[in-house]
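**Q** So the chains spell out like this:
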Amino acid sequence: MVEYADKRIPIMRPYIDVDNQEYWDAVKQHKLVIQHCKKCDKYFQPPRPMCPYCHSQDTLEWKESSGKGYIYAYIMFTADKMAYPAFKLPYAVVLVELEEGVRITANTHEMKPEEIEPGVPVEIMFEDLHDGQTLYRFKKRGA
Amino acid sequence: MTVKYNADKRIPHPAKWAVLYRSSTPFWDGVKEKKLMLQRCKQCGTWLNPPRPMCPKCHSTESEWVASSGKGKIYSWVTYNEAPDPAFKTPYAVVLIELEEGPRLVSNLADITPEDIRIGMPVEVTFEDVAEDLTLPKFKKAG
Amino acid sequence: MAKKSIKDKTNRAKSGAKSRKTGHSMAKNSIKNKTAIVGIGVVNFSKNIGRSEWYTASQCIKLAADDAGVNIYDIDGMVKNIDDGPDPSYVQKGLGIDNLTYHSESHWGTSAMMNAVQAIASGAANYCVYYQPAHRASGPEKSISDYRVARETRDDSLDLIRYDFFSPFGLIGQTGYVGMTYQRYMYEFGVKPEQIGWIPVVESESAARNPNAIFFDKPITIKDYLNSRMVVNPMREYDVAPKVDGAIAIIITTTERARDLKHKPVIISSCAFGMAPEGQFHTSYTRDSITELPEMKNMARELFRIAGVSPKDIKAAMLDDTFIPYVPMQLEALGFCGRGEGAAFCEGGDRIRPGGELPINTDGGSFGQGKLDMTRIVEAVRQIRGTSTNQIDNADMILVASGAGGPADGLILRG
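Residue numbers (my numbering), protein chains in the order written: chain A, 7 to 149; chain B, 67 to 209; chain C, 24 to 438.
Same shape as in the complex, but just chain A (with noise of 0.2 Å):
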């Protein structure tokens, strides 16, 4: 449900550097990678340059993941000051838990404010924008 209000305001663009350079990477082929340690079969996200549950840094790699989760939490931007003018009112800002347990961030797609609530099974889907980048957005999926 998100659409632009006035395609001349840029949409921030994620900040990318040498730790999290895979992840964008994948993101621009439409696909969704979460860092996982080999040595003790963890995912992690943010990314992050250290395996925070054996301090190994070389044992990091990129899984691509299902793109399957549940909304976990969420915020309707409702009003003007509050929001991103780049954005038509209302949009949606899910937190959502994947499958391989950890939370990403995104926009929905073609979801009414009110089918937007906790528990609600998603799954990712891609899309390049008008300005020239990817992202990613959770649309319904059946449970």
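Worth flagging that the hints you see were computed from the coordinates, not collected in a lab. Note that CB positions come from ideal geometry on N, CA and C, so glycine has one too. Among the hints, erroneous ones may be present.
[Stated by the list, open to error] Pulled from the structure, derived: some chain C residues nowhere near chain B, Cβ distances all over 12 Å:
1) 97
2) 242
3) 266
4) 362
[What the hints assert, rightly or not] Here are the in silico distance ranges between beta carbons for each label pair:
5) 89/A / 92/C: 31 to 37 Å
6) 380/C / 155/B: 42 to 48 Å
7) 67/C / 155/B: 48 to 54 Å
8) 131/B / 73/C: 50 to 56 Å
9) 194/B / 161/C: 38 to 44 Å
10) 120/A / 119/B: 35 to 41 Å
11) 127/B / 92/C: 51 to 57 Å
12) 166/B / 130/C: 31 to 37 Å
Assemble chains B and C onto chain A, guided by the hints.
**A** Using the frame of chain A, we list chains B and C on its own:
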């Protein structure tokens, strides 16, 4: 030697920082009128240089701005062989002037070549319109 | 500012630690010998480390914990310099520490040591890490968070300066700022480049023997120094420490706990900080004298008072050589020689070499390794442990000084 500027480059402008250092505004306002203004504590007469909101000697916040005679001596100097900013043509000298009232100011020389610079050399202020919106106090040989 | 202005208002200096107003002696808790450095972690320096500061911050803390024999999850305090590297909330994401009970950030030099020492001495934390990842050679790094914003909007060469009184005249950058002071120092005391040039010469000798000092494979000569590029007259290329990418962490705990850990404890006999009136980072031009580093003098008085020792007890000194001309001024301010005698002290290099009267920067200093303040603490620790690449005899009391030209801080470490 006066400083030579690259005409197409902007000389670092004090106004850019005057927002941060509002206490300096009377100094730069004075320079526009070709006066060298110094801040002095009204209560105990201590020079407040660089400008500040309180006298460190008597803790009074009452101060006044008075015009300097503009006479002084070279206290120290450096010569830039590599330009730290594209506005300046190298080599050029920067001097630290001790005014006869006591305060010291950083400035340039109007008519003294680097080889002739001597610590203790008597100098007096002169004002140079270096850009449409910028006048700078500089120093030349006294008398 | 002369006569009428702020005369040397360091009255406190003359009367010891007494309140200027009441004359009462000021009660100060002594931290003497209460804390110790138990671990050091150094990520190999490079001109382009190819990693994020976040990565090397995590890495150096892990190395320090391994060195100390401390479990990472037992680290409960973190301090750092405000401008260097990601804050604890980032570092924690890799280290997974969940019981951080103390953190703080400090400006200038290695003054965060004071925070660490106070945190441990007061019991606010049991194991405090001080970390400094700084990739200054490959440029301010790009990462996510307000720390990035801070790095991008605050050029560290211009921080804390009254730009508006300097920049329009082309006085831009620290090398020029320090040059102004150096010129006056030469004038007042007849100091010559042929004298202070021995500092980089001796440091390059030490650097050549230290594998982590990447800038000098072989020593330079005094001739090389004098022939080095004049950047801002009187400052030569070899008067300024080069930029480097590196990361260092050290772990501090109580002296009592330190005795049960892997290494012989390096006891923090004293830790002090100093400021002085009319101070402005590298540009305190309005003081009566601009060549005596009064912050360093004030710091030294407190440093020696706490430790209960005097300069003659110090076996080696790790001084702030970010700008070489500050080294002789520090020797004077710290009481190793008289006013105006610092350059003569260094001339010929014999007094300041390993084995000399007062060896300085036996790791090659910032000149040999690149500008990263914590190297001085690391080398002091190595000297006391007996593991320096330029080991001196009887290294049982080492002084560390940082922050020359601005608020100063220092340590006296002992075995």
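**Q** Each hint: holds or not?
**A** Structure-based check of all given hints:
| no. | hint | verdict |
| --- | --- | --- |
| 1 | 97 | holds (43 Å) |
| 2 | 242 | holds (26 Å) |
| 3 | 266 | holds (15 Å) |
| 4 | 362 | holds (18 Å) |
| 5 | 89/A / 92/C: 31 to 37 Å | violated (52 Å) |
| 6 | 380/C / 155/B: 42 to 48 Å | holds (46 Å) |
| 7 | 67/C / 155/B: 48 to 54 Å | violated (41 Å) |
| 8 | 131/B / 73/C: 50 to 56 Å | holds (54 Å) |
| 9 | 194/B / 161/C: 38 to 44 Å | holds (40 Å) |
| 10 | 120/A / 119/B: 35 to 41 Å | violated (57 Å) |
| 11 | 127/B / 92/C: 51 to 57 Å | holds (55 Å) |
| 12 | 166/B / 130/C: 31 to 37 Å | holds (36 Å) |
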